[in-house]
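S.K.: Position chain B relative to chain A; hints supplied.
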Amino acid sequence: MSNVPAELHYAKSHEWVRKNDDGTLTIGISDHAQALLGDMVFVDVPEAGRSFEQAEDCAVVESVKAASDVYCPVSGEVVEANEALVDSPEMINADPYVDGWIFTLKPSNMSEFSELMSADEYAEYVASEEE
Amino acid sequence: MGQRTPLYDVHVNLKAKIVDFGGWDMPINYGSQIEEHHQVRKDAGMFDVSHMVVVDLVGDKVRDFLRYLLANNVDRLKEQGKALYSCMLNDQGGVIDDLITYYMNDSRFRMVVNASTREKDLAWIKQQAEVFSVSVKVCDDLAMIAVQGPTARDKVHAVLADKAQVLEGIGVFFIREIDDMAVARTGYTGEDGYEIMLPVADAVGLWDKLIQAGVKPCGLGARDTLRLEAGMNLYGTDMDEQTSPLESGLGWTIAWEPDGRNFIGRKPLERQRQQGTSQKLVGLLLEGKGVLRNHQKVVIDGLEAGEITSGSFSPTLGKAIAFARVPKNVGDNCKVDMRGKLMDVKVVKPPFVRQGKACI
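Quick note, the sequences are listed as chains A and B, same order. The working numbering puts the first residue of the first sequence at 1, with every later residue one more than the last. The working numbering puts the first residue of the second sequence at 1001, with every later residue one more than the last.
Think of the hints as simulated: they come from the structure by calculation, not from any bench. This structure is a prediction, so every number in the text was calculated from the model and none was measured. Heads up, some of the hints might be wrong.
Keeping only pairs whose Cα atoms sit at most 27 Å apart, straight-line, the calculated DSSO-like set for lysine-lysine is [what the hints assert, rightly or not]: (1) K65/A with K1042/B; (2) K1297/B with K65/A; (3) K1328/B with K1341/B; (4) K65/A with K1289/B; (5) K1349/B with K65/A; (6) K1137/B with K1126/B; (7) K65/A with K1216/B; (8) K1015/B with K65/A; (9) K65/A with K1346/B; (10) K1017/B with K12/A.
If you anchor each label on the Cβ, the simulated ranges turn out as follows [stated by the list, open to error]: (11) D21/A with V1012/B: 40 to 46 Å; (12) S2/A with G1276/B: 52 to 58 Å; (13) D57/A with I1018/B: 29 to 35 Å; (14) G49/A with V1012/B: 46 to 52 Å; (15) L1317/B with E56/A: 31 to 37 Å; (16) W1252/B with V79/A: 53 to 59 Å; (17) N1090/B with V98/A: 54 to 60 Å; (18) D87/A with G1331/B: 29 to 35 Å; (19) S114/A with K1346/B: 45 to 51 Å.
For each residue, glycine too, the CB sits at the ideal point set by N, CA and C.
Here chain A stands alone, though its shape is the one from the complex (with noise of 0.2 Å):
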């Protein structure tokens, strides 16, 4: 069983969502996600400046199995982006939701975040999944 920590926003192509107390949004790939894909080798991560519509593509995670594409969660734009991801991929397994963050975001739609799923929907969403 994968670990969805209760205090986190989810989306369906499996990111996770913190909403910082500074306004911004920590996003990074959920648990469930990383020990799908395995062993990370390379971890391509957004610019900081650069704006993204809601599940527009904005970083890759490369694993040994294959290359996934990261879906910005919530429309907005880069503060800043986890660079120690670019020599430590393998920081996304051993710990996706603290040390693993990919980046956070400046959302300009916070109704997009209230659309999230709550750690409980998206727990049952794996599980539905996975059936």
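M.R.: Below, chain B without anything else, positioned relative to chain A:
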């Protein structure tokens, strides 16, 4: 549910991720494929390869039979116990399978063939063996554990202490039968080590003892990156019945001498050799980021010119590597279409890594 080896329950208890591999439920990794890869390069790892097919060929004319069946020449096997890598070809010179043959004694040779080609191999071998009155015995009563890495032999010697003296005398690419076990100093990783064939009932016991001796279980995922780094072909992806050994980097395994040796596939292969092949198998190294994958297209002068047969990430080099089938006149550089982007790759001669060291 697929077929299961005698070690299946052990894999499940070790929390292996199980995948379907040619109809077999096999461990792809026990957590981290990359850690397992490094374990074999730096220390010792082991693989359950019991799905592979061990075949004993018995008869007075077994050597004549193999001289005809295989593209490599068993007459290279002069000392008892010596092993030979060869392709088994069809009448058109395409590769039915690649395999290892061990010279056990003058009336018995042992062959290990791929699990994915089991039925067609056995049908072909039996069909050809009839004329030579050679009997084909499939040893499904044997399990096989490959123990590989720089410390693999020492660890096996510690576990099989009563046999250690005999084991130490086994040369590279030789096999020895000791009681009901056969121990071969062969493998598919580019490291020293053994492939141990033993009765099914003893497999779990030996596996557990090897774990206690510090040998770590490794899955088929690591086995694939290890063999790719070592420059070893994988049947079904790097060559098959539609490709000849000459187009698959396996020309070195064809024994053309003596001229008079008639082996299956010789005539079409000789024609191809005289006319020259248009394609060859090369190594590719990606300097930039990303991972080369099977079936990505090789692009030369803006045109699609070839295809990656095996691509992956090399944990030892920290870069992506591949085998690709490309035009014979390929230069030192070309491009690969990676998810719509043309990336520069270097054309290199495998192996990429041998005995823990980069060699490109």
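S.K.: Taking the hints in turn, state whether each one holds.
M.R.: Hints versus structure:
About 23 Å separates the Cα atoms of K65/A and K1042/B, which keeps this hinted pair within 27 Å; it holds. As the CA atoms of K1297/B and K65/A are separated by approximately 18 Å, the hinted pair is consistent with the 27 Å bound. Between K1328/B and K1341/B the CA atoms are separated by roughly 24 Å; this keeps the pair inside 27 Å, and the hint holds. Proposed proximity of K65/A and K1289/B is supported: the alpha carbons are some 15 Å apart, at most 27 Å.
Proximity of K1349/B to K65/A is assessed by CA-CA distance (about 24 Å); at most 27 Å being required, the pair is judged to hold. Among the hinted pairs, K1137/B with K1126/B is consistent with the structure: their alpha-carbon atoms are about 10 Å apart, no more than 27 Å. The straight-line distance between the Cα atoms of K65/A and K1216/B is roughly 21 Å, inside the 27 Å bound, and the hint therefore holds. Proximity of K1015/B to K65/A is assessed by CA-CA distance (about 19 Å); at most 27 Å being required, the pair is judged to hold.
A hinted pair counts as satisfied when its Cα atoms are at most 27 Å apart, and K65/A with K1346/B qualifies at roughly 22 Å. Under the criterion of a C-alpha separation no larger than 27 Å, the hint pairing K1017/B with K12/A is consistent with the structure, at around 24 Å. Judged by the Cβ atoms, the range 40 to 46 Å given for D21/A and V1012/B holds: they are separated by roughly 45 Å. Take S2/A and G1276/B: their Cβ atoms lie about 54 Å apart, and the range 52 to 58 Å holds.
The beta-carbon spacing between D57/A and I1018/B, approximately 31 Å, falls within the hinted interval of 29 to 35 Å. For the pair G49/A and V1012/B, the supplied restraint of 46 to 52 Å holds, since their beta-carbon distance comes to about 49 Å. About 33 Å separates the C-beta atoms of L1317/B and E56/A, a value consistent with the hinted range of 31 to 37 Å. Range check, W1252/B to V79/A: about 56 Å between beta-carbon atoms, so the 53 to 59 Å window is met.
Taking the beta carbon of each, N1090/B and V98/A are about 56 Å apart, inside 54 to 60 Å as hinted. Look at D87/A against G1331/B: about 32 Å separates their beta carbons, and that is inside 29 to 35 Å. Between S114/A and K1346/B the beta carbon distance is about 50 Å. The supplied range of 45 to 51 Å therefore holds.
Checked against the numbered hints given earlier, this structure breaks none of them.
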